[in-house]
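Enquirer: The primary structure of each chain is shown beneath.
2 protein chains.
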Amino acid sequence: MELGERSYPIHIGPGLLSETALYEPHIRGRQIMLVTNETVAPLYADAVRNALSAYQVESVVLPDGEAFKNLDVLNLIYDALLKNRFNRNCCLIALGGGVIGDMAGFAAATYQRGVDFIQLPTTLLAQVDSSVGGKTGVNHPLGKNMIGAFHQPRCVLADTTTLNTLDSRQLSAGIAEIIKYGLIGDAEFFAYLEQNMEQLKNRDTATLIYAIERSCQCKADIVAADERESGRRALLNLGHTFGHAIETGTGYGNWLHGEAVATGMAMAADLSARHGWLDHADVARIDALLAAAGLPATPPDSMNGERFLELMAVDKKADDHGLRLILLDAIGQAKVCSDYDGEMLNETLERKPAAISS
Amino acid sequence: MELGERSYPIHIGPGLLSETALYEPHIRGRQIMLVTNETVAPLYADAVRNALSAYQVESVVLPDGEAFKNLDVLNLIYDALLKNRFNRNCCLIALGGGVIGDMAGFAAATYQRGVDFIQLPTTLLAQVDSSVGGKTGVNHPLGKNMIGAFHQPRCVLADTTTLNTLDSRQLSAGIAEIIKYGLIGDAEFFAYLEQNMEQLKNRDTATLIYAIERSCQCKADIVAADERESGRRALLNLGHTFGHAIETGTGYGNWLHGEAVATGMAMAADLSARHGWLDHADVARIDALLAAAGLPATPPDSMNGERFLELMAVDKKADDHGLRLILLDAIGQAKVCSDYDGEMLNETLERKPAAISS
Numbered sequence: 001m002e003l004g005e006r007s008y009p010i011h012i013g014p015g016l017l018s019e020t021a022l023y024e025p026h027i028r029g030r031q032i033m034l035v036t037n038e039t040v041a042p043l044y045a046d047a048v049r050n051a052l053s054a055y056q057v058e059s060v061v062l063p064d065g066e067a068f069k070n071l072d073v074l075n076l077i078y079d080a081l082l083k084n085r086f087n088r089n090c091c092l093i094a095l096g097g098g099v100i101g102d103m104a105g106f107a108a109a110t111y112q113r114g115v116d117f118i119q120l121p122t123t124l125l126a127q128v129d130s131s132v133g134g135k136t137g138v139n140h141p142l143g144k145n146m147i148g149a150f151h152q153p154r155c156v157l158a159d160t161t162t163l164n165t166l167d168s169r170q171l172s173a174g175i176a177e178i179i180k181y182g183l184i185g186d187a188e189f190f191a192y193l194e195q196n197m198e199q200l201k202n203r204d205t206a207t208l209i210y211a212i213e214r215s216c217q218c219k220a221d222i223v224a225a226d227e228r229e230s231g232r233r234a235l236l237n238l239g240h241t242f243g244h245a246i247e248t249g250t251g252y253g254n255w256l257h258g259e260a261v262a263t264g265m266a267m268a269a270d271l272s273a274r275h276g277w278l279d280h281a282d283v284a285r286i287d288a289l290l291a292a293a294g295l296p297a298t299p300p301d302s303m304n305g306e307r308f309l310e311l312m313a314v315d316k317k318a319d320d321h322g323l324r325l326i327l328l329d330a331i332g333q334a335k336v337c338s339d340y341d342g343e344m345l346n347e348t349l350e351r352k353p354a355a356i357s358s
Numbered sequence: 001m002e003l004g005e006r007s008y009p010i011h012i013g014p015g016l017l018s019e020t021a022l023y024e025p026h027i028r029g030r031q032i033m034l035v036t037n038e039t040v041a042p043l044y045a046d047a048v049r050n051a052l053s054a055y056q057v058e059s060v061v062l063p064d065g066e067a068f069k070n071l072d073v074l075n076l077i078y079d080a081l082l083k084n085r086f087n088r089n090c091c092l093i094a095l096g097g098g099v100i101g102d103m104a105g106f107a108a109a110t111y112q113r114g115v116d117f118i119q120l121p122t123t124l125l126a127q128v129d130s131s132v133g134g135k136t137g138v139n140h141p142l143g144k145n146m147i148g149a150f151h152q153p154r155c156v157l158a159d160t161t162t163l164n165t166l167d168s169r170q171l172s173a174g175i176a177e178i179i180k181y182g183l184i185g186d187a188e189f190f191a192y193l194e195q196n197m198e199q200l201k202n203r204d205t206a207t208l209i210y211a212i213e214r215s216c217q218c219k220a221d222i223v224a225a226d227e228r229e230s231g232r233r234a235l236l237n238l239g240h241t242f243g244h245a246i247e248t249g250t251g252y253g254n255w256l257h258g259e260a261v262a263t264g265m266a267m268a269a270d271l272s273a274r275h276g277w278l279d280h281a282d283v284a285r286i287d288a289l290l291a292a293a294g295l296p297a298t299p300p301d302s303m304n305g306e307r308f309l310e311l312m313a314v315d316k317k318a319d320d321h322g323l324r325l326i327l328l329d330a331i332g333q334a335k336v337c338s339d340y341d342g343e344m345l346n347e348t349l350e351r352k353p354a355a356i357s358s
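Note that the protein sequences, when read in sequence, are chains A and B. Counting with my numbering, you get residues 1 to 358 for the letters of the first sequence. Counting with my numbering, you get residues 1 to 358 for the letters of the second sequence.
Treat each hint with caution, since some may be false.
Identical copies go unnamed one by one, so any copy, or any two together, can satisfy a pair.
Derived lysine to any residue pairs resembling SDA-like cross-links, with alpha carbons at most 20 Å apart [to be verified]: (1) K201 with T165; (2) K83 with G251; (3) K352 with L309; (4) K201 with L345; (5) K83 with V73; (6) K335 with R233; (7) K352 with P300; (8) K83 with P141.
Don't read these hints as lab results, they were simulated from the structure.
Let's have the full structure, built from the sequences with the hints guiding it.
Expert: Pasting the structure below:
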């Protein structure tokens, strides 16, 4: 990642969790707080502890799931840091998926006004998305990721071996974000994914490494150009405004983030096609790739257009000029858009059949 | 304040709260959240609302006092922002003392990963200290200001008229921080305070403005040279390591911050004199000025040396190499110090009589 002073390395490959030499250059003091969850701890905490046997390693094990990404659970990390009298030279290590990364990262951003942290993402979603870019935070009952900070990790170790223990639903959720990078700005990568979805779903190591690398590069390029999300970084939110509404509307944790984003991308494609910006043939390719990845493309029956609009109104992409959406002109060509048609948006939200005969 | 991109104006004078033109250049959107407390709201909230009648002004009124500077009360600010669907272009306005400034500032630092805020400090302490420098945060039961972020306000309006409603204990607490600037690096200012303490305590406007200006300049010079507290900024913590221990040890809110800092400065002077670094005549001048300001200089009976050391061990100035203290070589000459004598520290903490005959 090239972010001036805050650049950091992202290593991708099998077995990296155990490689002491990859951690050492990024740890300033002696105190390490391993932040993980009940699912991941029994699988990988020992490997990390063994790699870091030269340090004082304490740990805090959080309950697993998006439902626990809140201020109360965050406070368990502060408690652990203070009970162990951790100082400003300490380092937090996030071992887990995006929820753990976001919470440990936010704890690191705010403990004593900022300490170091290292990301060890163990889900595909976290490896391709949340471990890159420095966004950290927790949810609020009224909105996802509403409380947070920008705080870059010292390094990221994406150990592909950890993906072998991921259930297939979680794997698909990660693939949703990979598809997103193709849709945003890389038509060639989208075509690669159409050709290689089977290998990806079968967790072929070389395919995984390539897909993760290309995704991280895609994200890094966008973030480096626009760290604070004033412009181009907003494209990374393709599918997210719809998706966050689904996550909030159905209760955090019922839909996986990647599943909600997949559906959100299908909705963005649908809305783009209603305006004549995106070909219907491209909509069909998008729907087909999402289906091949095992991802949903239709919002839950429990949410009507009104509920969507209510939840989308508090989205971070909303400002005084209304709600901006990320829409598509083509596969590989996304745009930030405020001048969409409100009636067409409503048709998408209400799942009205699109007129194909254009 | 000169902090490169993040420079901001500090205006000092009577009646500033009502001057619309001072706010306008610093407000980006239409949405303003006035964060204040139960004591200050009835006195000054209307003046601020009237000045900002062209905007959508919502407000959140928190309970008053250091005891409420915690994550739970912070959450009330997030609740108000989200219930009112405030977006990223919103602006928080902190109307109150240091607690309100720290909490509103931290809410601004973390709401949607960072929005604007303006400081309207209404206590002398906040006007000379907490509104300058960008430190924001809340307390944790195990340590003061342990959760926080660096976030600079867009501007500070220090309205000296608000000091007329301050009780004399709060006024003295603010004077403690003013004395601190003299002690750290400005012997001439210390002498000015010796000459003008009576006018300051009588709230003479010209004396107040001069003392606030010189204090802010002192702090701004130090902060500008060292925004992240790696070196010289640490001097601003003179009296604070002892003081924080007193505040935590006696329960937040029983000792005012300025009172605890005053006692901490007297303890730092005592410890410096035990080493022979500070003249006993200077110790006497310091004690006399603190007394003239109506400030305590002796720690509470409830705290022995052991309790002090326990609480000081989690101080942010502690690192892997032990606890650094800010000590004095002379009035106007402070230093960061790790090589003090542990036995002498214990004598200071236990209030052993100092051997004057050196």
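Enquirer: Classify it for me, K352 with P300: is the Cα-Cα distance of at most 20 Å met within a copy, between copies, both or neither?
Expert: Cα proximity of K352 and P300: one copy only (14 Å, versus 72 Å across).
Enquirer: Can you tell me if K83 and V73 fall within 20 Å by alpha carbon in one copy, between copies, both or neither?
Expert: Classified as within; 16 Å inside a copy, 22 Å across copies.
Enquirer: Checking an output row: K83 and G251, CA cutoff 20 Å. Within, between, both or neither?
Expert: Between copies only: 18 Å across chains, 33 Å inside a chain, cut-off 20 Å.
Enquirer: Reference check for the pair K201 and L345, CA-CA at most 20 Å: within, between, both, or neither?
Expert: This pair counts as neither: shortest intra-copy Cα distance 33 Å, inter-copy 64 Å.
Enquirer: Go through the copies and call it for K201 and T165: within, between, both or neither, with a Cα cutoff of 20 Å.
Expert: Result: close within a single copy only, 13 Å intra versus 68 Å inter.
Enquirer: Please sort K83 with P141 into within, between, both or neither, judging by C-alpha distance up to 20 Å.
Expert: between (28 Å within a copy, 10 Å between copies)
Enquirer: Can you give me the call for K352 and L309, within, between, both or neither, at a CA distance of at most 20 Å?
Expert: So K352 and L309 pass the 20 Å test inside one copy only (16 Å; across, 68 Å).
Enquirer: Indicate which option fits the pair K335, R233 if close means a Cα-Cα distance not exceeding 20 Å: within, between, both or neither.
Expert: within (11 Å within a copy, 45 Å between copies)
The structure fails hint 4 only (numbered hints given earlier).
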